[in-house]
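J.: The residues making up each chain are set out below.
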Amino acid sequence: QKEVEQDPGPLSVPEGAIVSLNCTYSNSAFQYFMWYRQYSRKGPELLMYTYSSGNKEDGRFTAQVDKSSKYISLFIRDSQPSDSATYLCAMSDTGGTSYGKLTFGQGTILTVHP
Amino acid sequence: DAGVIQSPRHEVTEMGQEVTLRCKPISGHDYLFWYRQTMMRGLELLIYFNNNVPIDDSGMPEDRFSAKMPNASFSTLKIQPSEPRDSAVYFCASSLVGAREQYFGPGTRLTVT
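Sequence order for the protein chains is A and B. Okay, so the first sequence: first residue is 1 according to this note's numbering, each after it adds one. Okay, so the second sequence: first residue is 115 according to this note's numbering, each after it adds one.
Because the hints were derived from the structure by calculation, they are not lab data. Glycine included, C-beta positions come from ideal geometry on N, C-alpha and C. Just so you know, not all the hints are guaranteed correct.
To be verified - Each computed DSS-like pair below joins lysine-lysine, with the alpha-carbon atoms no more than 27 angstroms apart:
#  : chain 1 : residue 1 : chain 2 : residue 2
1  : B       : K182      : B       : K192
2  : B       : K192      : A       : K70
3  : A       : K56       : A       : K101
4  : A       : K2        : A       : K56
5  : A       : K2        : A       : K101
6  : A       : K2        : B       : K138
7  : A       : K56       : A       : K70
8  : B       : K192      : A       : K56
9  : B       : K182      : A       : K101
10 : A       : K56       : A       : K67
11 : A       : K67       : A       : K101
12 : A       : K42       : A       : K2
13 : A       : K2        : A       : K70
14 : A       : K42       : A       : K56
15 : A       : K67       : A       : K2
16 : A       : K101      : A       : K70
17 : A       : K42       : B       : K138
18 : B       : K138      : A       : K101
To be verified - Reference excerpt, derived from the structure (chain A facing chain B, CB under 7 angstroms, subset only):
#  : residue
19 : Y32
20 : G43
21 : P44
22 : L46
23 : Y49
24 : F61
25 : Q106
What the hints assert, rightly or not - From chain A, some residues computed to sit far from chain B (all C-beta separations above 12 angstroms):
#  : residue
26 : G16
27 : G59
28 : D66
29 : R77
30 : D83
Take these sequences, add in the hints, and give me the full structure.
T.: Written out as structure tokens, the structure reads:
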């Protein structure tokens with residue numbers, strides 16, 4: 001079993017829909033949780049990161065972390081065609097040589113159609 | 115401000131040849147990461163450096179892979195000899211704060227025939 005599980009999709013939604021993207025994980029030492037967006041043939045770019053449990057909002061994007069369930073989510077409100085991309089969750093703990101290590105999910109392919 | 119720079123952007127080579135991928139991190143970042151991305155395995159961390167020193171190379175698949183960081187502004191990932199299963203997109207990333215807020219380069223698409 002992988003440390004981080006993410007449904008690869010693909011997910012197709014109409015413009016304006018609320019999108020929910022999710023990851024589960026097994027390593028209880030994970031403390032930092034990130035979402036990256038990757039457009040086709042580009043490098044991943046950081047969207048949001050949160051520390052420990054709770055919610056964080058940035059414009060149309062909301063990240064949620066539930067450490068008790070080992071479950072994280074990214075919500076996109078009023079989705080736009082420009083949101084069409086692959087979304088990758090990533091996580092890390094803070095100890096020792098793991099300080100620099102990110103573990104990524106497989107990525108979810110999202111298409112928002114006009 | 116320039117982001118992470120990688121070269122070449124595309125590389126096509128024959129099995130058995132040596133391949134060298136290059137990376138220039140963002141100025142001032144003291145962490146540098148090399149990743150490999152494939153459809154089957156997703157994005158995998160190969161090795162990362164802190165202040166030019168390799169910290170964790172447990173993701174390097176085998177001895178054919180090596181990475182160096184001779185100074186704060188340059189790193190290389192070398193594959194010798196290359197094999198078709200090494201075909202992938204290789205990304206370099208850098209950060210100020212370890213795992214958090216990593217900035218990725220555009221990647222090098224490697225094809226080994």
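J.: Hints first: check each against the structure and report whether it holds.
T.: Hint by hint, here is what the structure shows:
no., hint, in the structure
1, B:K182 <-> B:K192, "holds (9 angstroms)"
2, B:K192 <-> A:K70, "violated (37 angstroms)"
3, A:K56 <-> A:K101, "holds (22 angstroms)"
4, A:K2 <-> A:K56, "holds (26 angstroms)"
5, A:K2 <-> A:K101, "holds (15 angstroms)"
6, A:K2 <-> B:K138, "violated (31 angstroms)"
7, A:K56 <-> A:K70, "holds (17 angstroms)"
8, B:K192 <-> A:K56, "violated (40 angstroms)"
9, B:K182 <-> A:K101, "holds (18 angstroms)"
10, A:K56 <-> A:K67, "holds (14 angstroms)"
11, A:K67 <-> A:K101, "holds (19 angstroms)"
12, A:K42 <-> A:K2, "holds (25 angstroms)"
13, A:K2 <-> A:K70, "holds (13 angstroms)"
14, A:K42 <-> A:K56, "holds (26 angstroms)"
15, A:K67 <-> A:K2, "holds (17 angstroms)"
16, A:K101 <-> A:K70, "holds (18 angstroms)"
17, A:K42 <-> B:K138, "holds (17 angstroms)"
18, B:K138 <-> A:K101, "holds (20 angstroms)"
19, Y32, "holds (6 angstroms)"
20, G43, "holds (3 angstroms)"
21, P44, "holds (5 angstroms)"
22, L46, "holds (6 angstroms)"
23, Y49, "holds (6 angstroms)"
24, F61, "violated (16 angstroms)"
25, Q106, "holds (5 angstroms)"
26, G16, "holds (30 angstroms)"
27, G59, "holds (18 angstroms)"
28, D66, "holds (20 angstroms)"
29, R77, "holds (24 angstroms)"
30, D83, "holds (19 angstroms)"
Figure legend: structure checked against the earlier numbered hints; hints not met, in rising order: 2, 6, 8, 24.
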